[in-house]
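First to last, the sequence lines map onto chains B and W. Numbering of the first sequence is given in my numbering, commencing with residue 1 and proceeding in unit increments. Numbering of the second sequence is given in my numbering, commencing with residue 1 and proceeding in unit increments.
Rather than coming from a laboratory, the hints here were simulated on the basis of the structure. Be aware that one or more of the hints could be misleading.
Unchecked claim - Some chain W residues close to chain B (C-beta under 7 Å, calculated; not the full set):
id, residue
1, Ile67
2, Ala69
3, Ala80
4, Gly91
5, Phe93
6, Pro96
7, Val97
Said to hold, decoys possible - Here are the simulated lysine-lysine pairs, DSS-like style, with alpha carbons at most 30 Å apart:
id, chain 1, residue 1, chain 2, residue 2
8, B, Lys82, W, Lys83
9, B, Lys82, B, Lys159
10, B, Lys101, W, Lys83
11, B, Lys250, B, Lys101
12, B, Lys159, B, Lys140
13, B, Lys101, B, Lys82
Glycine included, C-beta positions come from ideal geometry on N, C-alpha and C.
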Amino acid sequence: MPRPIILGVVGDSAAGKTTMTRGLVRILGEQQVTAVSTDDYHRYDREQREQRGITPLHPECNYVDIMSQHLRHLRVGEPILKPVYIHSDGTFGPAVYVSPKPFTIVEGLLGYYTESLLDAYDVRVYLAPPEDLRRRWKVKRDTSRRGYTTDQVLRELDKRERDSAQFIRPQERFADVVVSFREGHGRDPDALDAELLLRDSLPHPDLSPVGGSGKGGVAVEELESELMVRIAGDIARDQAAEIEEAIWEKLHFAAHLRSERLGQFVVGNDLQRSASLAVVQLLILYHLVTAKAAIALGGVGPRAEAVDTTERQAAGVQS
Amino acid sequence: MSPRPVILGVVGDSAAGKTTITRGLVRALGEDHVAHICTDDYHRYDRQRRAELGITPLHPDCNYLDILAQDLAHLRRGEAVLKPVYRHSDGTFAPPVYVRPVRFTVIEGLLGYYMPEMLDIYDVRVFLNPPEDLRRRWKVQRDCSRRGYTTDQVLAELDRREADSEAFIRPQRRNADMLISFRPEDSDKDPTHLDAELTLRDDLPHPDLTPFVQDREDGLTLREVQGERQLCIPGRMNPAHAAAIEEAIWERMHFATHLRARRLGEFTVGTELYRSESLALVQLLILYHLVTATATIALGGDGVRSADRAGQPALQTAPVGSAEEPA
Numbered sequence: 001m002p003r004p005i006i007l008g009v010v011g012d013s014a015a016g017k018t019t020m021t022r023g024l025v026r027i028l029g030e031q032q033v034t035a036v037s038t039d040d041y042h043r044y045d046r047e048q049r050e051q052r053g054i055t056p057l058h059p060e061c062n063y064v065d066i067m068s069q070h071l072r073h074l075r076v077g078e079p080i081l082k083p084v085y086i087h088s089d090g091t092f093g094p095a096v097y098v099s100p101k102p103f104t105i106v107e108g109l110l111g112y113y114t115e116s117l118l119d120a121y122d123v124r125v126y127l128a129p130p131e132d133l134r135r136r137w138k139v140k141r142d143t144s145r146r147g148y149t150t151d152q153v154l155r156e157l158d159k160r161e162r163d164s165a166q167f168i169r170p171q172e173r174f175a176d177v178v179v180s181f182r183e184g185h186g187r188d189p190d191a192l193d194a195e196l197l198l199r200d201s202l203p204h205p206d207l208s209p210v211g212g213s214g215k216g217g218v219a220v221e222e223l224e225s226e227l228m229v230r231i232a233g234d235i236a237r238d239q240a241a242e243i244e245e246a247i248w249e250k251l252h253f254a255a256h257l258r259s260e261r262l263g264q265f266v267v268g269n270d271l272q273r274s275a276s277l278a279v280v281q282l283l284i285l286y287h288l289v290t291a292k293a294a295i296a297l298g299g300v301g302p303r304a305e306a307v308d309t310t311e312r313q314a315a316g317v318q319s
Numbered sequence: 001m002s003p004r005p006v007i008l009g010v011v012g013d014s015a016a017g018k019t020t021i022t023r024g025l026v027r028a029l030g031e032d033h034v035a036h037i038c039t040d041d042y043h044r045y046d047r048q049r050r051a052e053l054g055i056t057p058l059h060p061d062c063n064y065l066d067i068l069a070q071d072l073a074h075l076r077r078g079e080a081v082l083k084p085v086y087r088h089s090d091g092t093f094a095p096p097v098y099v100r101p102v103r104f105t106v107i108e109g110l111l112g113y114y115m116p117e118m119l120d121i122y123d124v125r126v127f128l129n130p131p132e133d134l135r136r137r138w139k140v141q142r143d144c145s146r147r148g149y150t151t152d153q154v155l156a157e158l159d160r161r162e163a164d165s166e167a168f169i170r171p172q173r174r175n176a177d178m179l180i181s182f183r184p185e186d187s188d189k190d191p192t193h194l195d196a197e198l199t200l201r202d203d204l205p206h207p208d209l210t211p212f213v214q215d216r217e218d219g220l221t222l223r224e225v226q227g228e229r230q231l232c233i234p235g236r237m238n239p240a241h242a243a244a245i246e247e248a249i250w251e252r253m254h255f256a257t258h259l260r261a262r263r264l265g266e267f268t269v270g271t272e273l274y275r276s277e278s279l280a281l282v283q284l285l286i287l288y289h290l291v292t293a294t295a296t297i298a299l300g301g302d303g304v305r306s307a308d309r310a311g312q313p314a315l316q317t318a319p320v321g322s323a324e325e326p327a
């Protein structure tokens, strides 16, 4: 088996990591994906964190060294014995054996914290929703699924702010793709806009033919070494389809992945679909599938090639 | 950066005396300087699951040997690991614990020499090989008193394990540098005076004990058998003689005199503390290798094993005939 493709999905607590990851797992197929949450690498359980006055966002509160050790094993196709943190009661369980599969998705708070971690990923995504939206998401989730009260969650958010600013948010600069879902200006308040920052650390598909002027819900803006893509939450169906089609065309060798499941997410027990989420997931999928194809053909992965290109350009070499 | 840890393997069947040997060494080296890893922690199935599957903990498939090999390699490089935890008291698993590399690592367990890629990790490889009837007695004693089994259960378990012992555990003997058998004298069941029979293999440079070999019943005997040295330390060794031998070994470890304060050779039966002269001497021989390996590594070498020594730079010699070559 060629080595697994590793995707990082990093962001603050309740930034939407699991929603993003779960969607990708559904599309790629559970048998194809190892999903690892870095919360499992917490050093202290909930009670110990309370006693020590340390937040899970602090690097000292996590076995960052073990995280990167395990990631390196997965990257070369070796199994790991992964620790288990139980969110429902904040304690640890026995370790579980995880075999490598074609794709590994690592989601968590500090996934890009050290250089050795950074080197492990083929694709690095960072989720950066506006703070007020993230706070609302966190209250909703932690009160419904992690057994906290609203007051506890709000107090916890305040307690974490310093570490968020110091350790979590600075990781944004290492991402190939920065994703911000934000409240739309359209009629439907649930239809979130997606703002994508595409950095040239990876070769992204060319979206300019479908973007351009911003009419009908897509705007593409070229910045210095980044591309800013805005997708309106209430984008017209046919235009969303046009973008998706443009990306799928470049993924002709992965046509079997085409499915209706892109963009699905759950609120409570309610399955919903977001057109902007679908486009974002498809873009990430594009990178995963491209990386896999590059490695199957004997390459080292898209990142190294992107770096090569940059270096070549920097050295003034014409291609 | 601190030098890499020195790694000792203590392998043998269940109740072969691994913990007794290890505990004395850990005390001698100082608990803060030893990471003690028991490979039972790498069991794949808990006790209940093993019963359901009809598999014994001695079977390689019942253990995450791949993960064990990974962790050993990390420790040897001086990296920390997150070690799984198996609880013997109730046969279940607990959350893993973080193990920092320290000066010495002792790996104790059933299948430590099973995979060829594991072998190179050890600086010193000990295999414990007591006679089966003695090991059975030890196992009944321990499992009934400390692991909550009845005598019948232990005996039934021993029978059930025999095929796997034969297939997987005992063949590991061939990979040991020191093969150690404690055995009772013919007429005597006194646990404080077990003879120790050692097979010393040439992969490690063992200290020369020939000056102490005397033709007497309470002294050392040393034989060459098929290229291996067999050393017998009688359980009832003359104390003055034993002291002289220990002194000679300590002398060769003059750089580690701070370790001398600790008492070797202690063991417990139930809650009683005993001391055995032969056990002390065996532990001292192992200690000699550990301390020598540390010193060698501190001086820039790879280790004391012949394979490690082979990797060290040798004297450069001119290629034969090079002088005669025409200009």
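Would you pick out the hints that fail for this structure and give their numbers low to high? Of the numbered hints given earlier, those the structure breaks are 2, 4, 7, listed in rising order.
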